[in-house]
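A.B. asks: The residues making up each chain are set out below.
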Amino acid sequence: MRRRAGLGAIQQQQLAAEKYKDKGTNLQESQFEQMTKQMEVFRMKLEEFAVKHKQDIRKNSHFRKQFQEMCAAIGVDPLAAGKGFWSVLGIGDFYYELSVQVVEVCLAANHNTGGLMELSELRRRLIAARGQSAVHQEITNEDILMATKKLNIFGNGFVVHKVGKGKYMVQSIPGELSLEETKVLTVASNTDMGFVTLRMLTEHLGWGELRAKQSLDKTLSEGLCWVDEQDTENDGVSHWFPSLFPGRF
Amino acid sequence: MTEFQWPWEYTFPPFFTLQPHEETRNQQIKVWADLVLRYLKYLNKYQVNINESTFPLFNNETLKRRLSPETILVILEYLQRTGHAAPLDKRRIEWQVYWYTLEEYANMVYDWIQQTGQLNTICTLYEIASGENSEGMEFHGIDEKVLLNALRTLEIKGKCEVVELDDSYGIKFF
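If you read the sequences in order, they're chains A and B. The first sequence: position 207 = 706 (this note's numbering), numbered continuously. The second sequence: position 40 = 248 (this note's numbering), numbered continuously.
Any given hint could turn out to be false.
Said to hold, decoys possible - Below, computed lysine-lysine pairings styled on DSBU-like, alpha-carbon distance capped at 35 angstroms: (1) B:Lys298 / B:Lys365; (2) B:Lys353 / B:Lys365; (3) A:Lys712 / A:Lys666; (4) A:Lys664 / A:Lys712; (5) B:Lys249 / A:Lys682; (6) B:Lys249 / B:Lys272; (7) B:Lys353 / B:Lys249; (8) A:Lys666 / B:Lys272; (9) A:Lys717 / B:Lys365; (10) A:Lys648 / A:Lys551; (11) B:Lys380 / B:Lys272; (12) A:Lys553 / A:Lys648; (13) A:Lys712 / B:Lys380; (14) B:Lys272 / B:Lys367; (15) B:Lys367 / A:Lys717; (16) A:Lys666 / A:Lys648; (17) A:Lys712 / A:Lys553; (18) A:Lys661 / B:Lys238; (19) A:Lys648 / A:Lys661; (20) B:Lys353 / B:Lys367; (21) B:Lys365 / B:Lys380; (22) B:Lys249 / A:Lys664; (23) A:Lys712 / B:Lys367; (24) A:Lys666 / B:Lys298; (25) B:Lys249 / A:Lys661; (26) B:Lys238 / B:Lys272; (27) B:Lys272 / A:Lys682; (28) A:Lys648 / A:Lys664; (29) A:Lys551 / A:Lys717; (30) A:Lys648 / A:Lys682; (31) B:Lys365 / B:Lys272; (32) B:Lys249 / B:Lys298; (33) B:Lys249 / B:Lys238.
Simulated from the structure, these hints should not be mistaken for lab results.
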């Protein structure tokens, strides 16, 4: 495990000591000791601050950035995996690990889900996958959202869409999910079984029939949904999203 | 007999409509092919008719969905390509389906013949398929027509000779 935290501080101290030596200034032993003590106090205060604002640091990326900058100033790297205090925060590893797992879980299920997974299902699968390790933490939906934000480095490879009723769909297929498709998904997510019909789109979204049909055709042609041509209860044709189908798990 | 385990797709209505999107369709056919083999194995059935509209495999009563004969044909033709099915007539309506390929069956039988010291003796189709001695073997209970087809592949390789008897066939393995 890296101990850059301690090394950084020591290096800083050494650097400071050399600087003073070079200038030829006669630093008294006590003054040097004082400076070291002050740095220690500062470091302790920073640690207290970190513990007190742990949740904020986890939730707020702006906050975290400022905090990280502060740490850098005194030679401490909070993103480094390490023993002792910093592993309590373990921010860097936590999100990195989580995003890797999100990718693994989504890609493994893609052939089943068509590349879309509801956030709550993703969370369930992640918790199951992470198992009973000693550093196991309860994953919140916010954590997953934060981790998927990191995945934006893959371009449009991993995107999260809000689809109404407080639901989020994680898209793990290449290419963009248009606003239109997101709307179709929203309508589907409001049914028990995860399907839409032409009529549902015209009624709930106020779309004309032609637009509704084009939208459905596009969604189908991108492999996001399946078509059911025997749906006599629903005007004959319906489009289904396997990622929203409860029978799948 | 334990209850048959249906995959989740079997309760998914669109599963019974041949999908227009290529990748989805490929996935769909694969799942169907696997399901067909498993289900027929479960019933110990070796033959299907694409017009069998009440067969639970192709017709989900509770879901009110069924496969069209055209779609069943697509699935069987896929199974044909993987060596697990063959049409019994030119119209491609009656099909023979085997959970193992003919070659796999042939090798199983040949290995068993070797291990039980039956080389150079004559066995009947019945003895191989349903005899006491073959109990416990994967091919035990096999349909005799399928077995014959499998043994023909061995014959071509010169590993056996099929002889017509009164109302059956005798096979000598080398």
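A.B. asks: Straight-line Cα separation of Lys249 of chain B and Lys682 of chain A no greater than 35 angstroms?
C.D. replies: Answer violated: Lys249 of chain B to Lys682 of chain A is near 44 angstroms, above 35 angstroms.
A.B. asks: Taken at face value, is the distance from the CA of Lys365 of chain B to the CA of Lys353 of chain B at most 35 angstroms?
C.D. replies: Satisfied, since the Cα-Cα distance of roughly 19 angstroms is no more than 35 angstroms.
A.B. asks: For a C-alpha distance cap of 35 angstroms, please report whether Lys249 of chain B and Lys272 of chain B respect it.
C.D. replies: holds, 25 angstroms
A.B. asks: Can the restraint linking Lys272 of chain B and Lys367 of chain B be considered satisfied, given a maximum Cα separation of 35 angstroms?
C.D. replies: Violated - the C-alpha atoms of Lys367 of chain B and Lys272 of chain B are around 50 angstroms apart, more than 35 angstroms.
A.B. asks: Check whether the Cα positions of Lys648 of chain A and Lys661 of chain A lie no farther apart than 35 angstroms.
C.D. replies: holds, 14 angstroms
A.B. asks: What's the verdict on Lys664 of chain A and Lys712 of chain A, does the C-alpha distance respect the 35 angstroms limit or exceed it?
C.D. replies: holds, 24 angstroms
A.B. asks: Would you mind confirming whether the straight-line C-alpha gap from Lys666 of chain A to Lys298 of chain B stays at or under 35 angstroms?
C.D. replies: At roughly 53 angstroms apart (the allowed maximum being 35 angstroms), Lys298 of chain B and Lys666 of chain A break the hint.
A.B. asks: Next pair to validate is Lys249 of chain B with Lys238 of chain B; report whether the Cα-Cα distance is within 35 angstroms.
C.D. replies: holds, 17 angstroms
A.B. asks: Straight-line Cα separation of Lys712 of chain A and Lys380 of chain B no greater than 35 angstroms?
C.D. replies: Status violated; Cα separation ~65 angstroms.
A.B. asks: With a cut-off of 35 angstroms on the C-alpha distance, tell me whether Lys380 of chain B and Lys272 of chain B pass.
C.D. replies: Judged against 35 angstroms, a Cα distance of about 51 angstroms means the pair is violated.
A.B. asks: Within a Cα-Cα threshold of 35 angstroms, do Lys298 of chain B and Lys365 of chain B meet the stated pairing?
C.D. replies: holds, 27 angstroms
A.B. asks: Starting from Lys367 of chain B, check that the Cα of Lys717 of chain A is at most 35 angstroms away, please.
C.D. replies: violated, 56 angstroms
Taken one by one, the earlier hints fail for this structure at numbers 5, 9, 11, 13, 14, 15, 17, 22, 23, 24, 25, 29 and 31, listed in ascending order.
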